[in-house]
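K.L.:
Quick one: dock chain against chain with the hints and give me the complex.
So the protein lines, in turn, are chains A and B.
Start counting the first sequence at 1; every next residue gets the next number (the numbering used here).
Start counting the second sequence at 1; every next residue gets the next number (the numbering used here).
To be clear, the hints were calculated from the coordinates, so they are not data collected in a lab.
If you're wondering where the values come from, they're calculated on a predicted model, not measured in any experiment.
The C-beta atom is built at its ideal place from N, Cα and C for all residues, glycine as well.
A few of these clues could be false.
Away from chain A, derived, C-beta distances all over 10 angstroms, residues of chain B [as the list claims (entries may be wrong)]:
1. 51
2. 55
3. 207
4. 272
5. 276
Partner residues aside, some chain A positions facing chain B, computed with beta carbon under 10 angstroms [said to hold, decoys possible]:
6. 5
7. 6
8. 63
9. 132
10. 133
11. 136
12. 137
13. 144
14. 147
15. 154
16. 155
17. 441
18. 460
19. 476
20. 483
21. 484
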Amino acid sequence: MMLVIVFGASFLAYNLQAYSSNPLSAFGESTALNKDFLIAKTIRDLQLDVPPPIRYFSWLRGIIAGLWGEFDMGLSRSNIPVIELLSMAIPVTIRLVITATFLAIILGITVGMITAIRQYSRFDYVITFVSFLLFSLPIFWVAVLLKEFLAIQFNDFLVNPVIPPSGIFISSLVFGFIIAGFAGGNRLQFLSVLLGGAVFAGAVLSFVSATKWFLEPSLGIFGIFFLALTSAAIVIQLISGLDSKKGIYAGFGTALAVTLLYYPLQSLMSEDATLFTVVMMFAITIITGIIIGFSVSSIDRRVYIRIGLFTALMSTPPLIIDRFMREFSSYMNSDAIRGRPVPTLGQRNDFLSPEQQENFWISSLDIAIHLILPTIALTLISFAGYVRFTRGSLLEVLNMDYIRTARAKGLNERTVIVRHGMRNAMLPLTTILVNDFAGLIGGAIITEGVFAWKGMGQLFNDAIRNYDLNLFMGIFIISAFLTVLANFIADLLFGVVDPRIRIRK
Amino acid sequence: MSKINQDSKPIGEKNENEIANLETLGLSQRQIIIRRFVGHKAAMFAVFTLISIFIFVFTAIGITIGPKGFQIKIPGWWPYSITDIDPEGAIASTCNGGVTGCPTLDLVPGFFDGDGIQIGKHPFGTDIIGTDFLALVARGAQQSVMVMFIVGTLGVTIGTIIGAIAGFFGGIVDAVLMRLTDMFLVTPTIIIGALIGFRYGNLGVGPLALLLGFFAWMGLARFVRTEFLTLREREFVDAARVAGASNRRIIFKHILPNAMGVIIVSGTLLLSGAILSETALSFLGFGVRPPDVSLGLLISEYQDSFSVAPWLFWWPGALIVSIALCVNFIGDGLRDAFDPRQRRRLSFKGKKTAQNLNQK
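The following block holds chain B by itself, in its conformation from the complex (with noise of 0.2 angstroms):
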């Protein structure tokens, strides 16, 4: 039957199957997705830079976990912490007629603006009093992302397991839980973020991002409900009871990893949500809360000193762009990699081959 399908395609379009056909000969599934991940150009560019981004800011001011009194510092390489105050640095490197504190990161060799390539005391310049603004956005996208990730984690774990019993259950578990789902789901996830994040933004962002987390499951549960219920009517699953599996192994042995894809796939979109969300809240005030930084702290601060400091506006945003694109791309490669249903991007090799045997 297959035969017969793929031989009334279009001249095209089969020979574009044949080829995918061929790249994927005797591997396994699993090989499969990886290699077609890695054979994506732009998701694995993203996350090169990704990984970089962390890296970086994690590594350049060290990492100060735990509660107020009890914080466990690790230092970082770079000589200035969001509490270190240089005036005379920010002096220093005055522009535009008196400004203070510009950036002293310059990528313009020097035959053409007279100054050198140089990376100089403040390369992100300072604040108006003189806080190193590297430290303070560095400081500001560990939040972020550390709110992504929790948020991302207790989010995709959360609808899981609820998407994944009310589709392998079905009748009435079903009924109550997605009845359960859209009850949270008519509430916009930015009034209850405001809510949680006014009354608990002091306890610092692990809190928050925990309590954020307990609202940001419902569309993932859905896509998952919706992957069980198709997939617990498959062969395999009958095959699995009868041969005595229980409900338990039948939904985290056989289901699961077959819906897998599905998780993947919309628990990066969760985080790149996550991000955006985290530093809109920040922005109105709801978020993370001073003399703590956060990226949507830091521009709401900014945002009117635009036109006099524009590096205190760009790198904050540059970052969330960053931070957010590369999820997105990564999530995007994912998804080629995991539905190759939707991944019709060949290779230019692989192009030029179908194109020559359609000239044919």
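Excised from the complex, chain A in its bound form (with noise of 0.2 angstroms):
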């Protein structure tokens, strides 16, 4: 059925691009001698002699021969294949999508839920505020915004980082609000938690500054311990409950586990690492996770290997972002990039020195800073969307009859609210997910546009203004087929998630 809709879409774009473009126009002033015969070897070429509804079932023709491995959606207007050009297009706008989507749902799904935990809070409030200003904002706009404050003046700052004492003040304050307002409380305990966040991100700031750490960052391995305790402790709050012994146990072993792994996995990381290499770094942190979890407990082993797993998971990106932080001064020094990191345009440095591209460290590096100007645009326009779908529908299942069952069950407030209540109120947000993903496309092909990535944006751009109607219907179909295979998995990850659904069927 989806198939279907498929094609009567494409049928339809395919006449409205072929009725609304003339490839001729561009030939209307031309004094070029020869031109009736290049308005004939065009017409010949794009066979505009055939009406577009019957030309459409020649393009269909290729794309039906998919079936049997001969798939065509023909030559685009500068005669390269156009899944030559899809398939040069497709990873840059995945890569770029899939990051910013991510983080904006996990920062979405957090922010809400606690916004739906403190309603009515002034942090619900001042969030809410935020929601309305970021589904407000022109993506070109921030864009743009971005790229002045974040990048120009970023690399004018590194030039001597050290962060004046206004700064320092301000934004530790800014720091000490925020995860005030996150922790809530009595006006006491919200002022004492506002002094020591402020305090602690004042700390690091002056040391920051300080040692100018910008120049040369890296977390060693204090830093990294610091942070597998923080992961840690935030899994086991959320699996186990905090007052579990055994949870603490298996969390905070597993953080000290991998913070000891820094200095075995240092000669993993070596110079001629691969992808390969942060896999296998993976599945041995993992690994050392599962074990730990095993072991702290003879019964209900579910639960702390699964402590062991999600800490392992959360701490490990640490370990190879300092790997990267290690190799930011060179990167920062090298002629390619004379001290200004931060670029405002591409997808890539293509300046940078053979052995540096060869490099699997600078070269990832080079792409990751690439990538957080957009994907920080990105992930502000789609994070007010979960920001306010979280807290509605977790606000919704909090006033289910259920939920005061397991409350007079006398179940402590977490596993309410995370077991009975995030449960249920994650059903329809999997719709939502998945439909934004493939919206996302169309977002990418804007931001594309400002921040000067060849993806399909760039290739859209090119097809509109060329008339070129291969090229368009390459993209065209390639979106359409990401909507209608999202919308197939949202029910599939339906039927996985909410059993009501398996058993209908």
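P.N.:
This is the structure in structure tokens:
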């Protein structure tokens, strides 16, 4: 059924494009001597003498031929097969969209959950206003602001990375407010958390400023240990609660183990590392986490194994980020960068020397740094939607009778919200998530335009401006197909997370 | 039954409900909705701001309607238009070491920075050749607002009709219409918008908005259909049918008024979506073309001069954001007004009362 819809839509789009574009208009003011010949050639090449509804089927034949492996989307106007152009552009766009989606989902769900729990608090009102503001921001405007403030001014700042005292003071205070907003509580608790957070942030920022950390950033073993402990605490709180002794052993044990693995793993992360190395590292830490989780208890092992696994999963990225950071100063001082690392345009730096490009760490760092600005822009825009949706959905669930039953049974608040509340609130979220992913492709077109990425957006722009019908249809069919696929996956996921639907089938 | 339900709710919520009930005692449905909406502070503030923006941009430089050559002009109160060039004025307000055309608007009182509060000749500054930026921004905002309303009206009309027919008649009609909707839905709006904009952008903003409106109804149609599917099973529809009402009468007189909440709320969302996509298309060069201006076009033109002349970038952006933000807040207020289930935001007084009752 969905395939029929895609074909119907492609027929519509094909004719819309064919009737609304005139490839011959470029010759209107041409004074070339062989004008007639060029016109005739264009007509022959593009089969302009065949009416579009019929021409559509010759295009469709190429698509259907994909069933027996002779997939053909025709040639673009520059005589390059459309498939080739697309296969170069799609990975770029996917790279952009996936990072942004993941960030937006994780941040959005977390913040949404907290606003729902702290309904009507000041924090809730502030976040509500911020999410409305983000809803109303045009992405291209945000992108230009980011370019100015995050890229250009940050690069200027890197010349002498000393944060002025007023800057430290204000950012610490802001950090304190955010942390205190998350934590909530009565006025005294709010103030003490605010103060604690501000002092902590102030200390970190002063350290960063005094040691000119930005010039040679690294987390060091203490930074990694701290981050690992934090993630362990979050994981324990979510899965077993911090009052479970075995949970604490499993989580903090894994955090300690991952930190201790820092030294032996350094040899693995050598100059000639590949993507496989990173996968290996994750495998090693995860296995460690599982073993620790397995060994702390002889009953209920699944819970502790999960704690170990997720702690390991969350505390491994700092290990890898630390490795990237130590590559940063040589990257920044190389000829291609000249001390201005945050780029405003492009998806990678083409002027890196060959040995730098071969070095996995430097080339990945390059790609990651180019991802920063567009990812922030896309994340900001879609973050707001998830916050609102999670909040609304969780609030609705928390008013259900079974939540009251759960509370009446004497379950603690954590179990009520995580097990009984969030699980049910996430059900409608799956549909939104998947649909948004497909919609992000559209958003990526604008973002790519602003940041001059050579992805689908660039191709799309070319296709429209050159009246390139085959290329246009290629892009169209990919995005339509993605939407349909997303719906299909949403149905499947829904079946997985909601047993009621499985049973009905 | 409802009595039992209410009593079994936790104390705090029961009291909230009681207070909410007292607030609406003896009022008609419409009065309740209007009262709730007026009570929503953020939404009222948004209404006020939005109306001020509209009055400002439409009266400042006047309105120009009609195709090229047959234009009717209603003059505005602002002395400059988008075609007037005032190089002397631009040079007169030079700042930041030789950048011409800085905004003369100064809201900081005299004892703070030396210059008093003043509006000056070009409060929003001028562009590089000396065109008054207030005129440009006002014209751009007019275009964006017009697109917003045309797309919104068209989208709501088509969406309501298709959704209503599909939801009311069901069966084969529903299946066909919904597959049609899906067909339009799998096409990202920006792709179709760019295609249309590139071809017809030179016709001016009206025709462009009309064409865009034909591709903006799908989401609304789905919502309306769902609403109709539940409403047509209700008793009052059966009652109307028994009384001999025709299908048309049932749809328009009985079901549609009940579905109004959904339509208005998703209509507002459509409006804020429309202004954002119009500016995005113009930014990409697929919307309004020079010499005419639009907010998106202004931003795209001046994005590179941000570090030199930031006001050329701030003003259009601020207008887009404030219009979209106001529309979103109005939408939020309307949703709260129409759907009291979602509204659990009590007035300050009500909250205090509930707390007091809770503690007893």
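K.L.:
All the hints need checking, so say for each whether the structure fits it.
P.N.:
To see whether the hints hold, each was checked on the structure:
1. 51: Non-interface label on residue 51/B holds, nearest chain A Cβ at 17 angstroms vs cutoff 10 angstroms.
2. 55: 20 angstroms, holds
3. 207: Fine: 13 angstroms to the nearest Cβ keeps residue 207/B off the interface.
4. 272: The claim is violated: residue 272/B sits with its nearest Cβ about 7 angstroms from chain A, within 10 angstroms.
5. 276: About 6 angstroms separates residue 276/B from the closest Cβ of chain A, which leaves it inside 10 angstroms; violated.
6. 5: 5 angstroms, holds
7. 6: Because about 6 angstroms separates residue 6/A from the closest Cβ in chain B, which is inside the 10 angstroms limit, the hint holds.
8. 63: Since chain B brings no Cβ nearer than about 15 angstroms to residue 63/A, farther than 10 angstroms, the hint is violated.
9. 132: Result: holds, 5 angstroms to nearest chain B Cβ.
10. 133: Interface hint status for residue 133/A: holds (6 angstroms vs cutoff 10 angstroms).
11. 136: 3 angstroms, holds
12. 137: At 6 angstroms from the nearest chain B Cβ, residue 137/A passes the 10 angstroms test, so the hint holds.
13. 144: Constraint on residue 144/A satisfied, holds at 5 angstroms.
14. 147: 8 angstroms, holds
15. 154: 14 angstroms, violated
16. 155: 12 angstroms, violated
17. 441: Cβ of residue 441/A sits 7 angstroms from chain B, so the hint holds.
18. 460: 7 angstroms, holds
19. 476: Where the cut-off is 10 angstroms and the nearest Cβ of chain B is about 6 angstroms from residue 476/A, the hint holds.
20. 483: 5 angstroms, holds
21. 484: With a minimum Cβ separation of about 6 angstroms from chain B (threshold 10 angstroms), the hint on residue 484/A holds.
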